[in-house]
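Asks: Position chain W relative to chain L; hints supplied.
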Amino acid sequence: MNKKVEAQDRRILLSETVELGEKTNKGQTVTDPNVLFNEMEREASFLTGSEVIRAAIKRANLDVSVAYPITPQSEAAALIGELYAEGYVREYFRGESEFAVMGQCAGASFGGARVFTTTAGPGTLRAMENFPMWAGSRLPIQVCVTCRGINSPLSIQPDTLEMYYLLETGMLVWHAETAQDLYDWILGGFMVSEQPDVHLPLALCCDGFFVTHTKDTVMLQSDEYCIPAYDPYRSPVPCMDMECPPIRMMRDPFIMKSNYISYMTHASWQQEIHAAVERSRKHTLPIMNGSLIETENLDREILIVASGTAVSQGREAIRLLEEEEGIKVGLVKIKSIRPFPTEEIREATANAKTIFIPEFNIKGWLAREVKSILSNNERVIAGPHVAGGMTMPSEVIVDEIKKSLGVAGPRLESRG
Amino acid sequence: MSEQVMKRMNIRISGLGGQGAVTAAHLLAMAANKMGKYSISNPFFGAEKRMAPAESYARIGPEKIYDRGELVFPDVILIFHPQVITQQKSYTAPFYSGIKPGGLIIINTEQDLLEDEDHKRLEADGVVVYNFDATTLAMEIGGTELSTNMAMIGACAGMTHVVDLPALEAAVKDRFGKRYVASGGTATLDEAIKKKYAKKEQLLQKNNDTIKKAFEMSEEWGKTSSYAPAYYETA
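Top to bottom, those sequences are chains L and W. Its first residue numbered 1, the first sequence is counted upward by one per residue in our numbering. Its first residue numbered 417, the second sequence is counted upward by one per residue in our numbering.
Chain W is faced by these chain L residues, among others (derived, beta-carbon under 8 Å):
| # | residue |
| --- | --- |
| 1 | F209 |
| 2 | F210 |
| 3 | T217 |
| 4 | T309 |
| 5 | S312 |
| 6 | E316 |
| 7 | P393 |
| 8 | E395 |
If you are wondering where the hints come from, they were derived from the structure by calculation, not from laboratory data. Bear in mind that the values here come from a model prediction, so they are computed numbers and not experimental data. All C-beta atoms, glycine included, are put in the ideal place defined by N, C-alpha and C.
Looking at chain L on its own, in the form it has when it is part of the complex (with noise of 0.2 Å):
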C-alpha cells in the first residue's frame, strides 16, 4: 500500500477488442487515448468549465448520462443534455433525485454502459449511499463533483467539505485545479477507471464556481477524434450476474448470518476494493503527466502544499511574496486525494522547514492528510482556511506566511 510508482513510459492499456480508426455514427474517428492525449494538436479555446465538460464529454464516446438539477453543476448537465440531442450521448434523462441518478447510473453501468454524471453539495450527500455501492459494485462510473457548501444554512458557493466524506467510499477521488485538468481528467478518468485491475468509480472533484463558472483559456483537440468505447468484458467482476461475487453476497445466505466466514467475505472485499485503488497509480500515471503530484521549487525552506483552487491562489501568493517581500516558497500540488501521494509528498516535502496547506473548508481535512504521512508534522501548519462559499485572497495566504516569519505588513482590510 502506499507505494510509490514510478512514471517510466507506461502508456494508457487498451481494450483488446477496441478497433482504432473507426467511424462513430457521429462520423467521430475513434482514437488511441495515447495520441489523442499526447500527440494530437490543440487548439486554445476561451471557456466556461461547464463548456468545458461539454467539451470533454463529446469526445468521450459516451453511453449514458442522468442529471438532476443543483448550482453549480446544472449548466454542465444542461450541456450534456445537448450533447444527446445532437446523438453524441447515447441516453440522458433526468433523475428524481440525487439519490435516484447514482442508483440509475448503476443501473446502466451493470449493463456495460460508460456513465457520466454531475452533482455538487447537498446533492454529492444525498446520493452518497450509492457511492460505495458503486466501488463494491465495481462499476466504474465517473461522476464530477462541483463542491459547493453542504450546510445549512444554504451556500452555494464552493467549500470542499464534501471531499471528505468522498475518501473512504472506495471510489478515486481526484481533485481539479483548473478548466484544463477537468478537461483532461474527464477523459483520462475513464481510462483509469475502466481498466481490469482497476475497475472503480472516480468521483473527479472541482471546486464550484472557480472552474465551472469561470472563463479560461483551455486547449481542445478537434472534436472529429474520440476514446474508444467502453468494454464491458474488462470488468473483473461478471455484469448482472446473480451467482458470481459481489451480487451472490448480497443475495447468500451465507453472508447475512452473524459469522467469521461472512465477515472475512466482507473485509476481503473491502481489502480488494482499496487494493484497487492503489493498483490505480500506475495507470493515473500516463493521464496526469508522470506524477500524482506537480512540484515546483521544492529546494525552498517554505511550501505551500494544496489540491484544487487553492493552488491557484498558492500560485499567486507565491508570486506576490517573491515580487513584493523577496520571499521564497516552492509549491506542491495534489491532484489526486485517493490514491493519496504518499511517497511522493514525503520526498517533496523532506527539505521543508514550514508547510502551508491553504484550504476551502473549515476542518482542514487536507492539512490531517498530510500530517498524517510526514515525520516531524510540527511543520506543518494547517491554513488559512476560508469555509462557507467565502474566496481566498492570495493576500490572505501572503499574510499568514508573512506573519509565521514574523515579517509586519499592513493589515488586510477584509470585506463585509
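Replies: Quick look at chain W alone, frame taken from chain L:
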C-alpha cells in the same frame, strides 16, 4: 523601441440581478482574450433573482492568471446601479472596500452619490471616481435599459484601454451572435432582449453603438482626470 505592457488589472463589477453584470465581465475577459492577453472572468451571486446584489469579476493581464473567486482588492470598480450604493446592495461596506490606491471607480448615476467622507478617503488614496450616466445612454442609443452593461464596459474600456473596441465588438458577436446556454434567469433575459430587436444583427449593432459612444465619452472625460492604469517599464 520600448513597448509598454499594461500590468494585471482586476475589475470588480457590482450590480443588481438582471442587469448583465455577469455578461459584462465575460465580455471584457473575452475581448482581452481576443487581443492575446490573459484573462479570467467569473460571477458571484446568491440564488438568482432580479434586483438582488450580483457581482462579477474580470482579471486581465500580460501573464497567466491563476487567481479566482471573489475580487477583494480590485484596481477598477464598476457600479452598475445606484442602489448598490444608496441601499447598500453590495457584498462590501462601503462598496469601494479594498480598492487599490490609484484605482478607478465608475458609477452608473446621474448625480453624485458619495458622502464627503467617502470623497476624502478616496482622494487620499488617489482613487478617481467617474459618475457616468450609463442607463440614459443605453436608452438613447440601445433603445433599452438592458444595454446598460454595454455602456458600462464601453466606459471601462474608454477610461482604462484595457481592451479596445474591435475586441469588444468581436466578443459581443461571440456572445449574442450564436446560441448560448446559460442558467434559466440569464436565458430568459437573453430572450427578452432579442425580442426588442427585429433582427439579431440589429441587436449586435445597437450594442456595439452603445459601447462605442460610451468608450468615446469616457476617453474624453479621462483626459481631464488623473487616472492612469499601471504599466510595466520595459526597455
